[in-house]
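Mind the numbering: the sequence shown is residues 810 to 940 in our numbering, read in order.
Hints listed in this document are in silico derivations from the structure and should not be mistaken for laboratory results.
There's no promise every hint is true.
[Said to hold, decoys possible] List of simulated lysine-lysine pairs, PhoX-like, C-alpha gap at most 20 angstroms:
1) Lys852 to Lys927
2) Lys870 to Lys930
3) Lys866 to Lys927
4) Lys870 to Lys935
5) Lys928 to Lys866
6) Lys928 to Lys852
7) Lys907 to Lys866
8) Lys907 to Lys852
9) Lys935 to Lys852
[Claimed, not checked] So the derived label-pair ranges between C-beta atoms look like this:
10) Gln900 to Ser849: 45 to 53 angstroms
11) Ser812 to Tyr887: 39 to 47 angstroms
12) Phe814 to Tyr939: 32 to 40 angstroms
Virtual Cβ for every residue (Gly too), placed ideally from N, Cα, C.
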Amino acid sequence: MDSAFNILLAINNYSHDIATAFLAVSGFMLWVLSRHYPESDDKAIIFHFITLYNSIKTIAKYSLIWILIAGVFRVTFYNQFEWSDTAGDMQVVVIGIKHVVMFLIVGIGITHWLRLDKKVKILKIKIERYN
């Protein structure tokens with residue numbers, strides 16, 4: 810393979826890992842945010858909560874999109890670029906387990922995301938009433 814292509818593939822793989830970390834942290838932050846749902850009717854608190862939610866949601870959404878796009882290239886060139894002869898076929902099992910764990914984490918994150926999205930819609934209605 811061409812060295813420029815190898816560099817682009819390495820960048821792709823590292824950015825895939827970073828996007829995975831961003832998605833995991835975003836899911837955790839959505840959970841934390843859901844635990845601090847404002848009971849107050851203070852417009853400033855509600856607005857701040859919605860702003861935080863939208864920021865975290867944006868990071869999560871684009872991280873998930875990048876994971877899917879970069880993952881296609883990562884899977885396509887895995888044997889040529891990342892395969893370890895020392896680990897042999899056991900790396901397939903390990904990668905499978907890793908992906909099961911990550912799908913669980915993402916699933917839990919999406920569950921909190923959807924629950925929180927419903928609550929944020931209610932908060933947006935509250936803010937509209939104030940205007």
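Results of checking the hints against the structure:
Simply put, Lys852 and Lys927 have alpha-carbon atoms about 18 angstroms apart, close enough for the 20 angstroms limit, and the pair holds. A distance of roughly 18 angstroms separates the Cα atoms of Lys870 and Lys930; the hinted pair therefore holds under the 20 angstroms criterion. Simply put, Lys866 and Lys927 have alpha-carbon atoms about 13 angstroms apart, close enough for the 20 angstroms limit, and the pair holds. Only pairs whose Cα atoms come within 20 angstroms are accepted, and Lys870 paired with Lys935 is rejected, the gap being roughly 25 angstroms.
Taking the CA atoms of Lys928 and Lys866, the gap is near 14 angstroms; set against the 20 angstroms cutoff, the hint holds. A hinted pair counts as satisfied when its Cα atoms are at most 20 angstroms apart, and Lys928 with Lys852 qualifies at roughly 15 angstroms. Between Lys907 and Lys866 the CA atoms are separated by roughly 24 angstroms; this puts the pair beyond 20 angstroms, and the hint is violated. With a C-alpha separation of about 43 angstroms, the suggested pairing of Lys907 with Lys852 is violated against the 20 angstroms cut-off.
For the suggested pair Lys935 and Lys852, the alpha carbons sit about 8 angstroms apart, so the restraint of at most 20 angstroms is met. A C-beta distance of roughly 51 angstroms is found between Gln900 and Ser849, which places it inside the suggested range of 45 to 53 angstroms. Checked against the hint of 39 to 47 angstroms, the C-beta distance between Ser812 and Tyr887 comes to roughly 19 angstroms, which is inconsistent with it. For the pair Phe814 and Tyr939, the supplied restraint of 32 to 40 angstroms is violated, since their beta-carbon distance comes to about 55 angstroms.
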